[in-house]
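J.: Just so you know, the sequences run in chain order Y and V. The opening position of the first sequence corresponds to residue 1 in my numbering, with each subsequent residue numbered one higher. The opening position of the second sequence corresponds to residue 1001 in my numbering, with each subsequent residue numbered one higher.
By construction, these hints were calculated from the structure, which means they are not laboratory data. All values reported here derive from a predicted model rather than from experimental measurement. Be careful, since some hints might not be right.
What the hints assert, rightly or not - Here are some chain V residues pointing at chain Y (derived, C-beta under 10 Å):
1. Pro1029
2. Ile1109
3. His1113
4. Val1145
Backbone N, C-alpha and C fix where the C-beta goes; we use that ideal spot for every residue, glycine too.
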Amino acid sequence: MKNRKIIIDREKISQKEIKERSNFNDVLNQLEHTPNPFWKTTGFWGVTGLASLLMAFILPQTFPKEEFSPTSVAAETVKHNSSLLPEDSPCINPISAQNDIPYTNHIITAGVDTLLKLEDGSIINIQANSFLVDGAVTIKTRLFNDKSSAFLAGIPMDFGNSAFESAGMIEVQGVQNGKAIEINPEAPIQVALNAYKDPREFGFYSLNAQTGEWTDYPCELVVTNQSAEVNIADRKQELNELNKNIASVKESLESITTPTKEEYNLPKNEDLIFDLSYAKKDYPELSAMGDVRFELLTQSKQSDRLFNQTWEDVKLSKSNDKWNAQFIDGATKINVAIRPVLTGEKAKKAFTNYQYALASAEQDRELLLKKEQTLLAEQEQKQAQLNSLIEAQTNASTHFEATRYAQEEEDSENSYQKLIPIPSIKRTRKFYPDEFMGAVFSLISFGTFNIDRPVRYPTPNQFATLFEVADEGAKEPIGIYLFDLKKDVRYTYGVKGSLKKIEDFGYHNTKSVVVCAFNDGTIGIGNTKEMRKLDHQYKLLLTPMETEELTIETVQSFLNEERVSV
Amino acid sequence: MSSINPQYHHSESKLLKELEWIQLAKSDPKHFGPIYEKYNEQIFRYVYQRMNNKELAFDVTAQVFLKALKNLSKYEYRGVPFGSWLYRIAKSELNQAFRNNKATRTISIESTHIASFMEVFKEEENEQNRKKLTKALQELKDDDVQLIEMRYFEERPYKEIGEILSITENNAKVRTFRALERLKTCFNKI
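Only chain Y is shown next, with the shape it has when bound in the complex (with noise of 0.2 Å):
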């Protein structure tokens, strides 16, 4: 037991009493006051730095290092080629061999720059320099898709107390003449897995096929969408669409006109208002309006002294259709601008009509008004998006590294100063599509590469299960799958390889179809939705069928699975 104190509900320190004991003064006294450790002078630097100097030159003399050869290293590679076939991995163990998932075998020609396609859009890069051998080459591939594939091809897919949910999944072999062979280090094979999924929420991992043991493998999760695109141009159409009706409207705000009581004849203010006597039947526009009143159209100290004094006569002239009145006395003469304004009945009727107009003007920029500010806001929340869009875009591709489980140094007095080295991935040019959605990685030995996240087993249930099959009765399972539909994800118990004993048995839900094996080489296919809890007991009731029947497509009917499509 390490030498470690638990202690509970410990009692809380304040924000107040950490704050009256700190004291950055404290800290910079004893800055000052700190001496440089010997091994930072510069004698010490010195003598160490010519020692160092003198142990480089002696040493190499009294060790001298083995010449590389590449020749050797060739052959120490096709001395670890053993004759196990890449299919025989000891945890891979297909339900039944007729079924399994057969490899497509890509022959390639090693020595040269190879791109191979796979039917999921899936992409393989490899380097003229991949492999150390020469001549034709097999890859062989297998793409696990959904949890048909993956359950019929025997692939494990526990992690811990967890089972895998995938979003994409790849097994890559390399053989000649029957024989594994080995891929060149220094120029690793590129894979773009394609995901059905979006992997940015899941992890990268690659299965130890001798333990059968899921790890942490780098790679870089790419999420690049060509909608993305179209939903950008899209955006800046429609924005370009508001911004026109955006203009449109304050365009018409700006062309309404409030109306005036000139343009109405209506007087504006009585103060200037006066009766004058004319002609009739020189100014028949006037005896058209009827009763008339004039009105001067400005205000001043002339206009005061016009109506504060008696005059010889007043005269009214029209030119360029503006009206206007000389008022005469003696050799005084003062011309006015005047305007004729209506009276009486006519007024009243003017005056209905003027506000009428009024009010719809006001109505209609009050209209117009709400519909610039809703097509503004609708700017803002567009253009907001279109943002996003571009952002999303630029960032779309997430950067996932895992690391080989390092274990931390020792910490020691600078140890924060070490930083973990995260390995990089070596990539030599881009081999993917640009709408693409997966994994990228690089393969330095074939294998199989997972995209996926653990999901907690279920808790065991409470009480046995007693499995039924139709026709026959009771039977005691080997091997038990349990294939949880809302989780996409496949439990195993007491299947080779699996964690989980047959009494672990239990499920999260009543959406999971459960397959059990038997010793008799059959199989019974059940859904949880018919679990019964009977006294201390579950009950499910099987539906027989010969393990070779499960076939891809039957597999796939009784899972709801389509083979995904890209």
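Could you slot chain V onto chain Y? The hints should help.
T.: Showing chain V alone in chain Y's frame:
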């Protein structure tokens, strides 16, 4: 899950402001003051969470900032808050204190945390299970304890854990998940 450390995550402008302080402090340590004020409480709580001695926790906290100041010339901005560097120094100082037998490695846990674990483990919350959990925590490796503490007791987001431990956020998730699995395995074995 709310963060114990809502101040940890910084906007671009906050990060740049910090960088400004650091650059000034490199030429004159007095300019380190704002950074000290900003992180002092956080670092103290981190240290105290792991120590059985309050007075020593205050001393270690002061040592953290002293070390940071002494080595400030070696600090390189990596686009994450300066606090992540301070946390690494704090971890180093804590380990030194434990090695010198000045303090005992402590795990401070609250009843609410125990209840949460029981929920995760699908176990009843009772005295027996409480003891099992404390024993399991004692059995865990230091790295696993650190992850459990940061995530479940201190409720730090994975991003923050990643930055403090210099690993990616996803790796922090994976490692924390595995630490929890190992805790459960220990718990079940007892």
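J.: Going through the earlier hints one by one, which of them does the structure break, listed in rising order?
T.: none
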